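Engineer: The residues making up each chain are set out below.
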Amino acid sequence: MNLLEYALLAGLFYGLYFALVGVGLNLIFGVMRIINLAHGDFLMLGAYGAFYLYHLLGWNPLWAIPIELVVFLLIGLPLYYLLVPRLQKSGDPEMLSFILFFGLSQVIEAAAVFVFSNNQRSIPASVFGGAPINIAGQVFPVSWIVSAAVGLAGIGLIYAYLYHSRPGRATRAIMAERSEAAATGISVNRISALAFGIGIAAAALAGIFSPFMIGAIEPSMGIGITVISFAIIVIGSLGNPIGTLLGGLIYGEALMLMQTYLASWSELLPYVLLILILLVRPTGLLERAVRSA
Amino acid sequence: MSPDTEPVLEVEDLHKHFGGLKALDGISFCIAPGEILGLAGPNGSGKTTCINAITGVFGLDSGAIRFAGKTINRLPTYRRVRLGINRSFQVPSPFLGLSVMENVTVASVYGGNKKRDPDHILEITGLAQIKDRLAGSLNSSQQKLLDLARALATDPRLLLVDEIGAGLNPNELARMTDQLRALAAQGIALLVVEHLMDFLDRVTDRIVVMDAGKELFSGQLYEAAEDPRVVEAFLGG
Amino acid sequence: MVVAITVLAYVFIPYGYNNQFLLFNMMMYMALAQGLNIIYGYTGYLPFGYVGFFGAGAYGSALVIIYLHWSPFPAVLLGGLAAVLVGMLLIPLFRLSGAYFSIANLAAAEALYYIIANPHLASVTQGPYGISLPQVYDPNAAYWTMLAILVFALILSGLMRRSRFGLALGAIRENPVSAEMAGVNVVRSRAIAWLLSAFIAGVSGAAFGWYISVFYPETVFSLSITVFAIVFVLFGGSGTLLGPLVGTLVLYGAYNYIGISTPQYFQLTYGLLIILLVLFLPSGLTSLLRKRGIDVP
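Sequence order for the protein chains is A, B and C.
According to this note's numbering, the residues represented by the first sequence are 1 to 293, in order.
According to this note's numbering, the residues represented by the second sequence are 294 to 530, in order.
According to this note's numbering, the residues represented by the third sequence are 531 to 827, in order.
Treat the hints as calculated values from the structure; they're not laboratory data.
As the structure is a computational prediction, the values presented were derived from the model and not from experiment.
Among the hints, erroneous ones may be present.
To give a feel for the contact side, a few chain A residues facing chain C, derived at Cβ under 8 Å [to be verified]:
1) E94
2) L96
3) F114
4) V115
5) V150
6) V227
7) E253
8) L257
All C-beta atoms in this analysis are idealised placements derived from N, C-alpha and C, irrespective of residue type, glycine included.
With the sequences and hints as input, model every part of the structure.
Structural biologist: Structure follows, in structure tokens:
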């Protein structure tokens, strides 16, 4: 039973981390009804950011957190104004945004190859120092626990933002009913831009810890992570950022159980999970319908 | 009973719930060929749900829908359409990217047993002059007419009309009244869901008032206005 | 007309221009773009995992050649059927709307890739070690087969545009609920378009596998194949016969001019192009002509 306990605990750590991986995608979807297909690519950029801070300046990845938070917020805000309002005026914003952000994903990936080259990069897990930590008789690397803690903190901050701040409350109003929110005098564009920036910054933040939790950093990692994130937020319920926590946990547990008992098929997991959930329970655990006819 | 007065549609004890909400809770009624039945009731009382159930947009929890004597509960929508049931939508829903002519042609090709000439349909609905325009470029009352034209192109025997009067000006409303009456005169049975009491009064022979998925009243409109339960449902709701 | 010009071009160009592989790829992408057009242009569903059919076709035909010693022509057809089979398995995805369909379809293609590339199945699919078909190597025959596939795709797409069936698909694309109220069997019509589209990708994949005769799972399941086809269709104009042809001709030509040595240049250009298209020209090049009142087939 030791193996099972190990898998379940590891799944918990992975789950908390993966909630952070998915939450930005869900926030953007919830507020703008847009699927940011470049989500994984922003995560990749965040990972490179941490890599270079460590590699060139010797900074601990934890220092990358505040820096990237600011940088990616600053990238996200103008990007929103550049792309989103125009899209939302079109006939089919959901589909068109899907295609557009796919284009953006291609641009980022190509640019990343130019700038960072195609070589795989990593950050040694020993940056967090110390021997592995013993929890409930099982031994885990410190990097897992740090990643899980950051994941939990990230979700907690987004929760605090949404439920205990003025712009956060406005954000929830927009999620519930966009036109109503606009009618009550909420500046939909400003609040959405902020949510967009936060969504991208959350992805970048998750990227900082991807070398420890997901694997080597490379320019082409984005699309796979987008699909995984999508699976997570669909499980947790689309458009409900806090539901992502549950989605992440389910994904994390499923992943660790697969890797423990059925390792060679674990790559299939996100894809199969995604298809099954979409077909069986397209609303995730809460309301939002995604079916037609 | 002569064959002519046999109901074309019989709806019996329909039940449907969405989550905790009972949208239909035992409603029953029938319509004879050439009859215009009004369906009234406060918002959320289940009128549109009724139309959706009859056209097969979703399945029922229990109850029976018989069309021309045949139980159609389990038929998919397009089969019901081909049997002779059609509708207009509360929010007009033409094929926006297709021309007016194409909108009607699809329905006449796929919709019925007897092929209806699209040009003729456009003539009687007054859309003939704009048949080459894209449906998306029409105003909303033209789109309502186009919805109606598409329905007529399938040669229906039963037409379910959902809030077709809303948003029409008095002139258009009068024309719509005549149009619906003319359809009934050809033997088409009509179910008219409507908020506008005045419009209902002018087109219907008989009305059913619904509240919370149940029948509250059935009879003549002027009697309904005096029925305390109806008054309460409309004012209290 | 369009079909005739295309055929003549591919019959005679090889005499003056000796890069057969380029011509083959161009035909292949034209067929794929047309196949994608059938499902996206005419029904509005954008299959991000379109390459899954391509890979299924390549593997389906290669496996019957290797294990059952089929000759290439029936094997190519079988590749098409393998794709149709995959397509049938995916029909439930149509319960999903818009972007959810796209992303679920992408997931399905990835899942298929991981199944085929899984080392545990190496005894059947040869897993990550790839396929080699020296026994049937014949690029010329594969070239003509591809041309036949392209002609088939063009005729099919042309028929779609003019037929009752095409009109029904258009109605479904605009509004599935209303299409049902017009008497259209939405589920079946969509499935037919989907399977035809899958078939075209399947036979294209099979012919491609035959032409190059050595390939790996990542060759025939590469996301870039979907991307190319989508961009060609969007650029030329979806829902038309000419659009995907023009899109492929211009962009694939450009790709070969600037992209071969550093594909990233091209990926970059592509990505930018997609963004600009969505923002400024969502109906593609051919819509420019149509705005001037020129009827585009």
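Engineer: Run every hint past the structure and note whether it holds.
Structural biologist: Going through the hints against the structure:
Using the Cβ-Cβ criterion of 8 Å, the hint placing E94/A at the interface with chain C is satisfied: the shortest such distance is roughly 5 Å. A distance limit of 8 Å between C-beta atoms decides the matter here; for L96/A the minimum to chain C is near 5 Å, and the interface restraint holds. The criterion of a C-beta within 8 Å of any C-beta in chain C is met by F114/A, whose closest approach is roughly 6 Å, and the hint holds. The interface hint given for V115/A is violated, since its Cβ lies 10 Å from the closest Cβ of chain C, which is over the 8 Å cut-off.
Restraint check, V150/A versus chain C: the minimum CB separation of about 27 Å is more than 8 Å; hint violated. This hint holds: V227/A has a C-beta 6 Å from the nearest C-beta of chain C, less than the 8 Å allowed. For the restraint placing E253/A at the interface with chain C, the shortest Cβ-Cβ distance is roughly 19 Å, beyond the 8 Å limit, so the hint is violated. Taking 8 Å as the C-beta contact cut-off toward chain C, the hint placing L257/A at the interface is violated, the least distance being around 18 Å.
Violated hints, listed in ascending order, are 4, 5, 7, 8; each of the other numbered hints is respected by the structure.
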